[in-house]
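Undergrad: For reference, the chains in residue letters:
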Amino acid sequence: MTTAPTHLLSVADLGAEGIDAVLKVTDNFVEVSARAIPKVPALRGRTVVSLFYEDSTRTRLSFETAARRLSADVMNFSVASSSVKKGECLRDTVETIDAMGVDALVVRHGSAGVPRQVAGWVGASVVNAGDGAHEHPTQALLDCYTIRQRRGSLEGLRIAIVGDVKHSRVARSGVLAFSALGAEVTLVAPPTLLPPSLAGWPATVSHDLDGVLAKADVVYLLRMQSERMTEALLPSLREYTAAYGLTRRRAALLPDDALVMHPGPLNRGVEIAAEVADLPGSVITAQVANGVAVRMAVLYLLLGGPG
Amino acid sequence: MAERERALAPPNGGVFVARAEVLSADGLRRAVTRIAHEIVERNHGVAGVALVGLQTGGVPLARRLAAELERIEGQPVPLGSLDATFYRDDIGLRPLVPEAVTDIGFPLDGLTVVLVDDVLFTGRTVRAALNALNDYGRATAVQLAVMVDRGHRELPIRPDYVGKNLPTRRDEMVDVGEAGVSIGSVVSR
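Protein chains in written order, with the working numbering: chain A, -6 to 300; chain B, 6 to 194.
Bear in mind the hints are in silico, worked out from the structure with no lab data behind them.
In this text, all values refer to a predicted model and were calculated from it rather than measured experimentally.
Take these hints with a grain of salt, some might be off.
Label-pair restraints from in silico Cβ distances [claimed, not checked]: (1) P112(B) x D66(A): 28 to 36 Å; (2) G94(A) x V45(B): 47 to 55 Å; (3) Q80(B) x T(-1)(A): 51 to 59 Å; (4) G32(B) x L54(A): 52 to 60 Å; (5) E10(A) x G110(B): 27 to 35 Å; (6) R143(B) x T(-1)(A): 37 to 45 Å; (7) D250(A) x D176(B): 48 to 56 Å.
If we take Cβ atoms under 7 Å as the criterion, some of the chain A residues that face chain B in the derived model are [stated by the list, open to error]: (8) N21; (9) V33; (10) A35; (11) P299.
We treat Cβ as the ideally placed atom computed from N, Cα and C, and that holds for glycine.
Using the sequences and the hints given, assemble the complete structure.
TA: Okay, structure coming up:
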């Protein structure tokens, strides 16, 4: 008998089979979410804590909605109003919460590797909700689900990930997940916004967005993370938009059935033109809707098995 | 969910070995016809009646019953399928992954729902299904149709329509398929 996974820390841990398992159960939760009463008693009596050391709207709300729709109890930890302000260290905070008897910790932190570290300290299941520039596995899962929903499969699809790859955990998880499911991934970015080494990344690199767009099945735009731009990596945002933004002119280069995706929040007018985000090929709101169902699947698979 | 599927699915593994045939394909067909007539009789027709098959074993049976009801009464009966995994009481005791997505394309409010499953055993699946149904609307009444009632109930649940009452041992396995019903056991591979 295989033991159920206890944590979701990285897409790399899941592999194609693990991703498939999550996406399959997601179908059920999409059905649940579409009902008049979008709630099932599956995780009654379980407690899920969201531990966010970084700002977030959609990921946090999405996880909390997912937990509530599974009838789990939700506790919410926000750094701004906690003992962290009194100087409590991460380990003490986490162990205090764990001692209250929680079943899952949903962790977001600005430093890569924190969720894995936390997983070693606690008895609860840990879900990585984004750690530094490392990974954001549930985002990759919901992206895979959204693509699969529209195109049936990722096998052989050409997916272009465009923008600030260097600072993007979404890009990292996305590349791993998309390629695991058989897609060909191309990273499109100025050299200054690529990581110093792409060794081990199952992706090719291009600096010619127009050329890539003409053959893309999916164009995945990354948010310009101006809050992470401590170095002068770009001459200006306008210059970035001119070379790498999905402007209205560029959107016309895309094949008719191409999907436009974005993890949000959007910088309209920077990486994506305002009207492009509202085109029929844009599945940005579908991504958000599927996010809740995917996170329900993740929490159910982690907490629904023998504890 | 059909107990056969659950027993054969990982992590249990194993193969079903039939010991005896309990109902032939013809016997099964006659039982479906009889149950259809009983449903019509009990509900004075099929107006306001809907069928919901339990995933996965009850679904083909519900489909056959729906066809039979339409043949008898000359009017179609709403047909849905239900996966009650998320309502089970053994979540957390073993890994439980749904086998199919629920598909009930009509509100249940005001309908008499006939829940259909292949085998009635402990009654726990039916208990979960009753709770699940509630989330799709308030049915006027819920009735239960099963092809085989094999006993060993653990909850106060009884069927309204039965294809065959079959005394079994707890460790035996009942298989309901197109070709009929047989009893046997699961042996590990």
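Undergrad: For every hint, state whether the structure bears it out.
TA: Now for the hints, and whether the structure bears them out:
1. P112(B) x D66(A): 28 to 36 Å: holds (30 Å)
2. G94(A) x V45(B): 47 to 55 Å: Because 54 Å falls inside the window, the suggested range holds.
3. Q80(B) x T(-1)(A): 51 to 59 Å: holds (52 Å)
4. G32(B) x L54(A): 52 to 60 Å: Distance hint for G32(B), L54(A) holds at roughly 56 Å.
5. E10(A) x G110(B): 27 to 35 Å: holds (32 Å)
6. R143(B) x T(-1)(A): 37 to 45 Å: holds (39 Å)
7. D250(A) x D176(B): 48 to 56 Å: holds (54 Å)
8. N21: holds (5 Å)
9. V33: holds (4 Å)
10. A35: holds (4 Å)
11. P299: holds (6 Å)
Violated hints: none; the structure is consistent with every hint.
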